[in-house]
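S.K.: Now for the letters of each chain:
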Amino acid sequence: QKEVEQNSGPLSVPEGAIASLNCTYSDRGSQSFFWYRQYSGKSPELIMSIYSNGDKEDGRFTAQLNKASQYVSLLIRDSQPSDSATYLCAVGTGSYKLIFGSGTRLLVRP
Amino acid sequence: DTEVTQTPKHLVMGMTNKKSLKCEQHMGHRAMYWYKQKAKKPPELMFVYSYEKLSINESVPSRFSPECPNSSLLNLHLHALQPEDSALYLCASRLRGDTGELFFGEGSRLTVL
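Line order of the protein sequences matches chains A and B.
Counting in our numbering, the first sequence runs from 5 upward without gaps.
Counting in our numbering, the second sequence runs from 365 upward without gaps.
No lab work stands behind these hints: they were computed from the structure.
Some hints here could point you the wrong way.
The list that follows gives simulated cross-link-like pairs (lysine to any residue, SDA-like), each with its CA atoms no further than 20 Å apart [unchecked claim]:
| id | chain 1 | residue 1 | chain 2 | residue 2 |
| --- | --- | --- | --- | --- |
| 1 | A | K101 | B | E416 |
| 2 | A | K60 | B | G464 |
| 3 | B | K417 | A | K60 |
| 4 | A | K101 | B | N421 |
Quick look at which bits of chain B chain A covers, simulated, 3 or more residues with Cβ under 8 Å [as the list claims (entries may be wrong)]:
| id | region |
| --- | --- |
| 5 | 410-420 |
| 6 | 465-472 |
Remember, predicted model here, so these are calculated numbers, not experimental data.
Idealized CB from N, CA, C, for every residue including glycine.
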């Protein structure tokens, strides 16, 4: 059973801090890794994709991938209250299906 | 342009009604997906079409019937639904079924009375 695990949270950080969201996956053959942000009642929005080991930065977001440890993370710098949402980690294994984690709820306190 | 358009945004139907959800993308993607999402849960895969052929059916009850008229359009026909089918129905598309980023539409919020 291929699995993607996330801490459900809530992860509470003060405004301006760095929020660190983590995700582990079970399938060593996984090839693609995605982070989605989902506001309550809305659809998931793709914010980052990463395919190779290391860091990938896009604005305030940095995705980090470590395939040896089967670990992918998302860092949000200078967190804003508008970043408060559920963050879904999704893993692609080369098949049609993406495996989703159950999501981490992030709360940024003003 | 990374847009997947879904209609209607909201749908209320009785258990004896027949209705359809529609999805459209113009990104040249060849794989299209239907997901169901309940509150505080991750999206749950229902169907995948790849090059207009049904590639995955995740043992979805027959009261849900997908259709892919062409590479840009995806429909989900609904008939004799149950109240527990009330959920957010998400359409998504991907360049190919096994590669690329998955982009979601805004979703159709379905309520079954």
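S.K.: Identify every previously stated hint that the structure contradicts and give their numbers, smallest first.
M.R.: Violated hint (a single one): 3; every other hint is consistent with the structure.
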